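Construct the complete structure from the given sequences, taking the supplied hints into account.
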Amino acid sequence: MIDALTVTVSVTALLLAAWCGFAVYRDQPTKDWHFVGMAVVTLLVLVQLVVGIVQLARGEEPHDSTAIFVAYLFGATAAVPAAGFLSLSERTRWGSATVTAGSVVLAVLEVRLFDIWGGAGA
Amino acid sequence: MPDTGNTGPTAQAPGDSAAGARARLGAGPGRLLLALYGVFTVAAASRSAYQLAVQFDEAPLAYALSALAALVYAFITVSLARGGETARRAATVCCAAELLGVLAVGTWTLLEPSAFPDQTVWSDYGMGYLFLPLVLPVTGLVWLRRARRS
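In order, the protein sequences belong to chains A and B. Residue numbering for the first sequence follows UniProt numbering, starting at 1 and increasing by one per position. Residue numbering for the second sequence follows UniProt numbering, starting at 1 and increasing by one per position.
Since the hints were made in silico from the structure, they are not lab data. Being a predicted model, the structure only gives us computed values, none of them experimental. Hints may contain errors.
To be verified - Facing chain B, according to a computed beta carbon distance under 7 Å, are these residues of chain A, among others:
hint: 1; residue: Val70
hint: 2; residue: Ala71
hint: 3; residue: Pro81
hint: 4; residue: Glu90
hint: 5; residue: Trp94
hint: 6; residue: Thr98
hint: 7; residue: Ala101
hint: 8; residue: Val105
Said to hold, decoys possible - Taking CB as the label site, the calculated pair distances span:
hint: 9; chain 1: B; residue 1: Val142; chain 2: A; residue 2: Asp64; range: 32 to 42 Å
hint: 10; chain 1: B; residue 1: Leu61; chain 2: A; residue 2: Glu61; range: 29 to 39 Å
hint: 11; chain 1: B; residue 1: Asp57; chain 2: A; residue 2: Arg26; range: 38 to 48 Å
hint: 12; chain 1: A; residue 1: Ala57; chain 2: B; residue 2: Tyr50; range: 43 to 53 Å
hint: 13; chain 1: B; residue 1: Ala53; chain 2: A; residue 2: Ala57; range: 22 to 32 Å
hint: 14; chain 1: B; residue 1: Leu111; chain 2: A; residue 2: Phe35; range: 16 to 26 Å
hint: 15; chain 1: B; residue 1: Leu111; chain 2: A; residue 2: Asp115; range: 26 to 36 Å
hint: 16; chain 1: A; residue 1: Val50; chain 2: B; residue 2: Arg89; range: 39 to 49 Å
hint: 17; chain 1: A; residue 1: Asp32; chain 2: B; residue 2: Asp57; range: 46 to 56 Å
hint: 18; chain 1: A; residue 1: Ala18; chain 2: B; residue 2: Thr139; range: 14 to 24 Å
hint: 19; chain 1: A; residue 1: Glu61; chain 2: B; residue 2: Ala53; range: 14 to 24 Å
hint: 20; chain 1: A; residue 1: Thr8; chain 2: B; residue 2: Leu111; range: 36 to 46 Å
Unchecked claim - A few chain A residues that don't get close to chain B, going by computed Cβ distances all over 12 Å:
hint: 21; residue: Leu14
hint: 22; residue: Val40
hint: 23; residue: Gly59
hint: 24; residue: Gly95
Just so it is clear, CB atoms sit at the ideal spot from N, CA and C, and this is done for glycine as well.
This is the structure we're talking about:
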């Protein structure tokens, strides 16, 4: 469950990064549709947060330390909303660049989460 | 809305109002820089907090350096967000210190790996972080210089 979610979140995060990267290329700020995209990614990471916490509550343990797993889980949840918030008050291409960076950071965090949880069922 | 900010901050006389100066450091390209410094503050701070709390004895030097890096990142993030000439100068000093830190610790980890049983944010010139710890201070210094000239 968590592995599938991690992959889904990574892929959508990279799509969002590419989309906002395109806005940077076209010299545009983030628009309403970009914020819809951010909302979708945020929804997915929120689901991931809940699933992660439920898994821990059921007594399943990450391969690495639980504290690190929880820290990455919250970091991943915050990345895109924080970038979106920053882009709200930066109505230039650099606002879009910020969201691109936030999405890439999220994708990297997902890879780390995957490793910390123990890879493919390890 | 057309972009006007890609040539750096708009020209303003020195000693301008704090609000004008405030808009400068964290606006335009500075916004991206601010976001990245924010990410590194959180990354370095949580990493060092965990390591110092749980496994300090394993590699005290590495963990202390990570904590130092976190402080420098936090300071630069706050300076960029606040803006103003004082913050710009302080951030310049910190970016320079950061660059020296990355170069020194990076070289140190390559020459004497035994001193570092565990990684720091600045190990191997920040290789574990896509070399961003090396790229950020250089970009930061360029950006802060530009902010002064205009």
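The hints, checked one at a time:
1. Against a cut-off of 7 Å between C-beta atoms, the interface hint on Val70 (chain A) is violated, since the closest Cβ of chain B lies about 10 Å away.
2. Taking 7 Å as the C-beta cut-off, the interface hint given for Ala71 (chain A) holds, the closest approach to chain B being about 5 Å.
3. For Pro81 (chain A), the interface hint is violated, the least distance from its beta-carbon to any beta-carbon of chain B being 12 Å, above 7 Å.
4. Taken as an interface hint, Glu90 (chain A) checks out: its beta carbon lies about 4 Å from the nearest beta carbon of chain B, inside 7 Å.
5. Against a cut-off of 7 Å between C-beta atoms, the interface hint on Trp94 (chain A) holds, since the closest Cβ of chain B lies about 5 Å away.
6. Because the beta carbon of Thr98 (chain A) sits about 5 Å from the nearest beta carbon in chain B, less than 7 Å, this interface hint is met.
7. The criterion of a C-beta within 7 Å of any C-beta in chain B is met by Ala101 (chain A), whose closest approach is roughly 6 Å, and the hint holds.
8. For Val105 (chain A), the interface hint holds, the least distance from its beta-carbon to any beta-carbon of chain B being 5 Å, beneath 7 Å.
9. At roughly 37 Å, the beta-carbon separation of Val142 (chain B) and Asp64 (chain A) lies within the given 32 to 42 Å, and the hint holds.
10. About 30 Å separates the C-beta atoms of Leu61 (chain B) and Glu61 (chain A), a value consistent with the hinted range of 29 to 39 Å.
11. Distance hint check: the CB atoms of Asp57 (chain B) and Arg26 (chain A) are about 53 Å apart, inconsistent with the given range 38 to 48 Å.
12. For the hinted restraint 43 to 53 Å between Ala57 (chain A) and Tyr50 (chain B), the CB-CB distance of approximately 21 Å leaves it violated.
13. At about 23 Å, the CB distance of Ala53 (chain B) to Ala57 (chain A) agrees with the hint of 22 to 32 Å.
14. Against the hinted window of 16 to 26 Å, the Cβ-Cβ separation of Leu111 (chain B) and Phe35 (chain A) comes to about 48 Å, which falls outside the hint.
15. A hinted range of 26 to 36 Å for the beta carbons of Leu111 (chain B) and Asp115 (chain A) is consistent with their spacing of about 29 Å.
16. Take Val50 (chain A) and Arg89 (chain B): their Cβ atoms lie about 45 Å apart, and the range 39 to 49 Å holds.
17. Range check, Asp32 (chain A) to Asp57 (chain B): Cβ separation about 53 Å, and the 46 to 56 Å hint holds.
18. The hint said 14 to 24 Å for the Cβ distance between Ala18 (chain A) and Thr139 (chain B), and at roughly 22 Å that hint holds.
19. Between Glu61 (chain A) and Ala53 (chain B) the CB atoms are about 19 Å apart, so this pair conforms to the stated range of 14 to 24 Å.
20. Between Thr8 (chain A) and Leu111 (chain B), the C-beta spacing of about 43 Å keeps the proposed range 36 to 46 Å intact.
21. Look at Leu14 (chain A): its CB is around 15 Å from the nearest CB on chain B, clear of 12 Å, so calling it non-interface holds up.
22. For Val40 (chain A), the non-interface assignment is confirmed: its Cβ lies about 20 Å from the closest Cβ of chain B, beyond the 12 Å cut-off.
23. Residue-level check passed: Gly59 (chain A) sits 21 Å from the nearest beta carbon of chain B, beyond 12 Å.
24. The claim that Gly95 (chain A) lies off the interface is violated: its Cβ sits roughly 6 Å from the closest Cβ of chain B, which falls inside the 12 Å cut-off.
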